[in-house]
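Taken in order, these protein sequences are the chains called A and B.
In terms of our numbering, the first sequence opens at residue 1 and continues consecutively.
In terms of our numbering, the second sequence opens at residue 1 and continues consecutively.
For the record, the hints were derived by calculation from the structure and aren't laboratory data.
Every value quoted in this text rests on a predicted model; they were computed, and no experiment measured them.
It cannot be assumed that every hint is accurate.
[Claimed, not checked] Each computed DSBU-like pair below joins lysine-lysine, with the alpha-carbon atoms no more than 35 Å apart: (1) A:Lys168 x A:Lys144; (2) A:Lys257 x B:Lys32; (3) B:Lys19 x A:Lys285; (4) B:Lys70 x A:Lys306; (5) B:Lys47 x A:Lys176; (6) A:Lys168 x B:Lys47; (7) A:Lys306 x B:Lys32; (8) B:Lys19 x A:Lys306; (9) A:Lys123 x B:Lys19; (10) B:Lys70 x A:Lys176; (11) A:Lys77 x B:Lys47; (12) A:Lys167 x B:Lys47; (13) A:Lys216 x B:Lys19; (14) A:Lys257 x A:Lys128; (15) A:Lys144 x A:Lys99; (16) A:Lys216 x B:Lys70; (17) A:Lys176 x A:Lys285; (18) B:Lys47 x A:Lys257; (19) A:Lys77 x B:Lys19; (20) A:Lys167 x A:Lys213; (21) A:Lys128 x B:Lys19; (22) B:Lys70 x A:Lys128; (23) B:Lys70 x A:Lys190; (24) A:Lys80 x B:Lys19; (25) B:Lys32 x A:Lys77; (26) A:Lys190 x B:Lys32; (27) A:Lys176 x B:Lys19; (28) A:Lys306 x B:Lys47; (29) B:Lys32 x A:Lys167.
[Claimed, not checked] What the simulated footprint calls covered on chain A by chain B, stretch by stretch (three residues with Cβ under 8 Å from a Cβ of chain B suffice, anywhere in the stretch; the number is not a length): (30) 69 to 81; (31) 125 to 137.
[As the list claims (entries may be wrong)] If you only want the chain B side, here are some residues facing chain A, beta carbon under 7 Å, derived: (32) Thr11; (33) Cys12; (34) Val34; (35) Ala35; (36) Gln39; (37) Ala46; (38) Lys47; (39) Thr48; (40) Met51.
Every residue, glycine too, gets a C-beta built ideally from N, C-alpha and C.
Each chain is listed here by its residues.
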Amino acid sequence: MENVFDLIIVGSGAGGLSAALYAGRYRMRVVVFGDHFGGYTAVAGPIGNYPGYVEVDGFDLMMTMKEQAEALGTIIKDEKVVGVTQNDGCFSVTTEDGKEYSAGSIIFAPGTERRQLGLPNEKELTSKGVHYCATCDGPAYSGKIVAMIGGGDSSVKGVNLVAEYAKKTYLITRSKELRAEPINFERMQKLVDEGRVEIVLENQVVEIVGTNKLEKIVLAQPLHGSQDLVLDGVFIEIGSRPRSELARSLGVTLDEKGHILAGTTMETNVPGVFAAGDIVSGTFKQSITAAAQGAVAATAAYQYHKMHGNRCGTRPESPV
Amino acid sequence: MANVVIYSTPTCGYCKMAKTYFNEHNIAYIEKDVAVDEQARDEMIAKTNQMGVPVILINDQVVIGFDRGKLASLLGIA
């Protein structure tokens, strides 16, 4: 019975750790699994829109959430869940190292993973000029020429950070306009006015060129008379895909893009299964919304637990 | 004791995870900030051909990214 819990949480980002905090306060026996500690929040760099902080480093924020959850007895494991099954209301997960854990309810908060362009050479040149984390690798391009691919808020925020270091930053998107928070757009516009950032709309990368390191990208449409753009680094921010394979295997209903369909209490179509964070269909993908959904999901899991008990069998010392 | 060097940037979350891991296991390390230290950046590229941080050297072994399993193995952490 050592590995039997009241609640298993898959994902240790803002949604998962907020759920762990609330479930811990409900005195549920909780284990959290996460192969990317802190999710996107932990690698977001400085965050200026998390209420309660004028500005907070994303990693520090997640470490605080971890500390809060652990103080309540939650067990947090940096392990990847590779399988999940259900047997008459008892959920069991298997981790990458072959261990098995069971619980009477489960919250999926595994987040998403970044999309790639899908071009030849992209994989070979990853971390050799091609990058997916501007906050991580952007500062390494001090004095260099780089490009950000993508027209969303993450791209604009990334440009603002990278341009602090780079000599010149291009923002390239196939869209007709950018979709960014006005405050981030205004910051970038200042950099455009200073000549440090150049916005390239309605264009896209068709080729990534280089051997052992990035040499240039080739654009679909000429820029300043040439389709070739010589760069030191390129950052790809073209959205993400949901990590919903485990939920799907349990019969959880997904939307057409693979996000989990959840109700107002973050419940799914499978009793005892809840969801939180970027994995949820229709979610505004922010740390604050993920944290809020985690709180709601944990509360719903607690109500479910009170109503149904732990179908895996509860350990004698369980306070619920 | 292993000679541990981490090439990092100030905003890199995975670098912070790696440093937290070292601290939790009382592993002493030298940090080189490639955002401001051009010599360190050149050294990192020359030794590893990598521009993605963290790059970690455990003696002469290169670890790319925060690879907990590989770090544990090289540092003898159970």
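How the hints compare with the structure:
1. Straight-line distance between C-alpha atoms of A:Lys168 and A:Lys144 comes to about 7 Å, which keeps the hinted pair within the 35 Å bound.
2. Taking the CA atoms of A:Lys257 and B:Lys32, the gap is near 41 Å; set against the 35 Å cutoff, the hint is violated.
3. Using a Cα cut-off of 35 Å, the hinted pair B:Lys19 and A:Lys285 holds, with the two alpha carbons roughly 28 Å apart.
4. A threshold of 35 Å between alpha carbons decides the hint, and for B:Lys70 with A:Lys306 the separation of about 42 Å lies outside it, so the pair is violated.
5. Annotation: proposed proximity of B:Lys47 to A:Lys176 is violated, straight-line Cα distance about 42 Å (limit 35 Å).
6. For the suggested pair A:Lys168 and B:Lys47, the alpha carbons sit about 27 Å apart, so the restraint of at most 35 Å is met.
7. The suggested pairing of A:Lys306 with B:Lys32 is violated, with an alpha-carbon distance near 52 Å, which exceeds 35 Å.
8. Only pairs whose Cα atoms come within 35 Å are accepted, and B:Lys19 paired with A:Lys306 is rejected, the gap being roughly 41 Å.
9. The hinted pair formed by A:Lys123 and B:Lys19 meets the criterion: a straight-line CA distance of about 27 Å does not exceed 35 Å.
10. Proximity of B:Lys70 to A:Lys176 is assessed by CA-CA distance (about 45 Å); at most 35 Å being required, the pair is judged violated.
11. At roughly 33 Å between alpha-carbon atoms, A:Lys77 and B:Lys47 fall within 35 Å of each other, so this suggested pair holds.
12. Proposed proximity of A:Lys167 and B:Lys47 is supported: the alpha carbons are some 25 Å apart, at most 35 Å.
13. Taken as a hint, the A:Lys216 and B:Lys19 pair is honoured in the structure, with Cα atoms around 33 Å apart against an allowance of 35 Å.
14. Distance check on the hinted pair: A:Lys257 and A:Lys128 sit about 31 Å apart at the alpha-carbon level, within 35 Å; holds.
15. At most 35 Å may separate the alpha-carbon atoms for a hinted pair to count; A:Lys144 and A:Lys99 exceed this at roughly 46 Å.
16. A C-alpha spacing of about 33 Å is found between A:Lys216 and B:Lys70, which places the hinted pair at or below 35 Å, so the restraint holds.
17. As the CA atoms of A:Lys176 and A:Lys285 are separated by approximately 22 Å, the hinted pair is consistent with the 35 Å bound.
18. For the hint pairing B:Lys47 with A:Lys257, the CA-to-CA distance comes to about 41 Å; that exceeds 35 Å, so the pair is violated.
19. A C-alpha spacing of about 18 Å is found between A:Lys77 and B:Lys19, which places the hinted pair at or below 35 Å, so the restraint holds.
20. Among the hinted pairs, A:Lys167 with A:Lys213 is consistent with the structure: their alpha-carbon atoms are about 19 Å apart, no more than 35 Å.
21. For the suggested pair A:Lys128 and B:Lys19, the alpha carbons sit about 23 Å apart, so the restraint of at most 35 Å is met.
22. As the CA atoms of B:Lys70 and A:Lys128 are separated by approximately 21 Å, the hinted pair is consistent with the 35 Å bound.
23. A threshold of 35 Å between alpha carbons decides the hint, and for B:Lys70 with A:Lys190 the separation of about 43 Å lies outside it, so the pair is violated.
24. Simply put, A:Lys80 and B:Lys19 have alpha-carbon atoms about 21 Å apart, close enough for the 35 Å limit, and the pair holds.
25. Between the alpha carbons of B:Lys32 and A:Lys77 the distance comes to roughly 29 Å, so the proposed pair stays at or under 35 Å and holds.
26. Restraint check: the Cα-Cα separation between A:Lys190 and B:Lys32 comes to about 31 Å, which is no more than 35 Å; the hinted pair holds.
27. Pair hint A:Lys176 plus B:Lys19 does not hold up; C-alpha atoms about 42 Å apart against a cutoff of 35 Å.
28. The hinted pair formed by A:Lys306 and B:Lys47 fails the criterion: a straight-line CA distance of about 57 Å is larger than 35 Å.
29. Straight-line distance between C-alpha atoms of B:Lys32 and A:Lys167 comes to about 22 Å, which keeps the hinted pair within the 35 Å bound.
30. Check result for the stretch 69 to 81 of chain A against chain B: violated, 1 residues qualifying (beta carbon to beta carbon below 8 Å, three or more required).
31. Beta-carbon proximity to chain B at under 8 Å applies to 9 residues in the stretch 125 to 137 of chain A; the threshold of 3 is reached and the given coverage holds.
32. The beta carbon of B:Thr11 is positioned within 7 Å of a beta carbon in chain A (closest approach about 4 Å), and the interface hint is therefore held.
33. Of the supplied interface hints, the one on B:Cys12 holds, with its beta-carbon coming within about 4 Å of a beta-carbon of chain A, less than 7 Å.
34. The beta carbon of B:Val34 comes within 5 Å of a beta carbon in chain A, closer than 7 Å, and the hint placing it at the interface holds.
35. Checking B:Ala35 against chain A: minimum C-beta separation of about 3 Å stays under 7 Å; hint holds.
36. Nearest Cβ of chain A to the Cβ of B:Gln39: about 12 Å, over the 7 Å cut. The hint is violated.
37. Interface restraint check for B:Ala46: the shortest CB-CB distance to chain A comes to about 12 Å, outside 7 Å, so the restraint is violated.
38. A distance limit of 7 Å between C-beta atoms decides the matter here; for B:Lys47 the minimum to chain A is near 14 Å, and the interface restraint is violated.
39. At a threshold of 7 Å, the smallest CB-CB gap from B:Thr48 to chain A is about 9 Å, leaving the interface hint violated.
40. Given hint, B:Met51 at the interface with chain A, holds; its Cβ is 6 Å from that chain's nearest Cβ, closer than 7 Å.
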